[in-house]
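Residues per chain, in single letters:
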Amino acid sequence: MSKAAKVSSSFVLVAIAVLLSVESRVSAMPGPQAANSSQFEKLLTDRNIWGEDAFRVFASLDRWKGEPSILVFTDRVVGGSKFETPEQAREKAAAMARTMGRPFSKLTPEFATSYKEALARKAAALQVESVPFMEDDSYRLQWKREGAEFLKRQLTMRAVVATYGAPEKTTTEVVHARGDRRPAVLTISEYAGGMLKFVQSDLSPDPGMVDRVVLDVPAAAARILASR
Amino acid sequence: MKTIRPRSNSYLVAALVFCGGSLSAGCGKLFVRDIATDALDPSSLSDTEPSIAVNPQHPGDIAVVTFSENWTAATGAPVWKSTDHGKTWTKVFQLVQPNPGEFGPADQKLDFDSNGNIYVAELALAGGIKDYVYRQTGAPNAPLTPGASYGNDQPHLSVDRSSSSPLKGHLYSPWLDFSQPLERSTVAASGNQGIAVNSVGAGDNSAFPNRTSRSAIAPDGKVYIIYKTREGTGGAPPGFENAHFHVNRSDDGGLTWTGLGSAGISVHGAAQVQTYFTTSFGNIAKGKVARARSSDAWIAANPENGDLYAAYVQRDASGFAQIYVARSTDQGATWTAARATDGTHNSAYPEIAVTKRGVVGVLFIDYDDAGSVTLFRHHFARSFDHGSSWDDDVLQTMNPGPLSNASSGFLWGDYEGLTAAKNTFYGVFTGESSGRTTLQLDPIFFRQKSCRWWWTGCWLEDDD
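Protein chains in written order, with the numbering used here: chain A, 251 to 478; chain B, 72 to 535.
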């Protein structure tokens, strides 16, 4: 083999080695979807965000089938679907109430471990109601129980950012009611590819607090529930 | 709370010198000031939907409410106060949470009675909507006391402070009743400072829902309400609907509202007008927009002779929504209307007030979308001839695009503040800040003494 040929084949080998190394490093890096999924799972088990009652809701997400999202407040959980009339909401609530006696669904192993204590705790059943939703004068489905804590009280956006970094996206939404009272101006901070949104409301006593978390029901159920 | 302060007319000499050389219809320097500072507004709140009231005992004492801090269980929501004619301001956190779990302020309006006591109508949200009139039961800056709950949407407030009124001290709070199949303009009246209130339907909702309920009190104690009937969108361009603006009257302290018949009188005659009903006032393709649904009517009474002035929005032959002002000299029975704007830009959000010498002022907003962004302009127009002609000043031109706390869909609120005390107009609007570290929406105060230059008595009269 000539000297030139030896040099050229060495270059080819080095290039191949470099390419293989780059490829292996790239495949080892989590893609955006995997990163979202990992963050989503961490968020769904974070006891600095959720009260213990939230985990009972998460383990029952199959009851919310058909809802695109739920709004988790400190003292209640509200469906994302808006009903024009109380009758429509009542009908849905009655159908949902019939599912509440079922045991919790089977959970995926990581969530089964994380939620075990919360699910084992004795607690009165959550009440399913149809309620007027003041913010936009719609009617919604609601889960509630006296004394329950779903979203941690006093949770600030500052604390969320300290743990999870800046939100991927922040938007503002003005929610008008039927009348002309002051609308709610919502600041929405998205995490995990928008599967979980922290919402601050300018109508809250302290607008720096997280007023509610909007949870993508199909996405959360797909991760938490094993039977799906 | 009566306050006596030394009177000083020295500044009037300068005013007379200034105006003596002018042949303009009316003089008076326009004073404009951002009332917020970084220290007073550390959270950079939007300070929307401002209202203003002036203490009749001492017009240097001015109070403003805006959507600033909310009340909590521990701390009241603020009233902005000035004791030096609006030069400097403080926030007095005296609007306490009316009941545990009730959120607010979610709508508000304020006024003073003849003794200089402040009253504030507030809307609170919980499982439902409740309105309250707060009253002063202690020192001027002590926590105010909420009265009986009443009402629903958008409570306003007028207090009868005329010495010639047999109902002096009564207060009236118009609101919109959403519990009716067709919403009805309703007025809560109280003869005991809001401790107890009695709500009576005042608008005609037999065929169409009502909206935009505003009140005014004449010096004889007769109370007037203006409201619109929403009559559908047939033939109206997007964002507009057909309407009538009606005035009705109560001659008995709000017990009945039939002084001008059961339906009241249309201030623009029998024909319908087209007015705004939109959440997109402005040009959404060129920036942020505003809600204009109850932003199209206001009423005021001359505090001396009781002449009535109604300002309303009408899209006219110019193709633009314009501000019209109608006048009645016979307690609302007949009206003569004329346009107050120049027919070149869409205009809305009129508030109207009248000084003791009959000068009429109108605060309104128009927008100019000829350039690359929408520019909103706050105007203050004055008429020295009962609404026949108008002098118009642009108070501020604003592009809300760069203002981080300006939310598209609700920029300054449904209405703003204008009142008159003696010969001076006092107003407040939500506009672009000045002197703040961060450019933002702030409450902007203005005042303007308004006398014709030859009205020597007007200039010599101390407004404080």
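No wet-lab data here; the hints were simulated from the structure. Predicted model only: the values in this text are computed from it and were never measured. Misleading hints may appear alongside valid ones.
Not everything, but these chain B residues come out facing chain A in the computed CB check (under 8 Å) [said to hold, decoys possible]: (1) F138; (2) T143; (3) I200; (4) D224; (5) F311; (6) T350; (7) R364; (8) D440; (9) V444; (10) D485.
Beta carbons are placed, not taken as given, at the ideal position from N, Cα and C, and that holds for glycine.
| Violated hints - listed by number, lowest first | Hints 5, 8, 9 not satisfied by this model.
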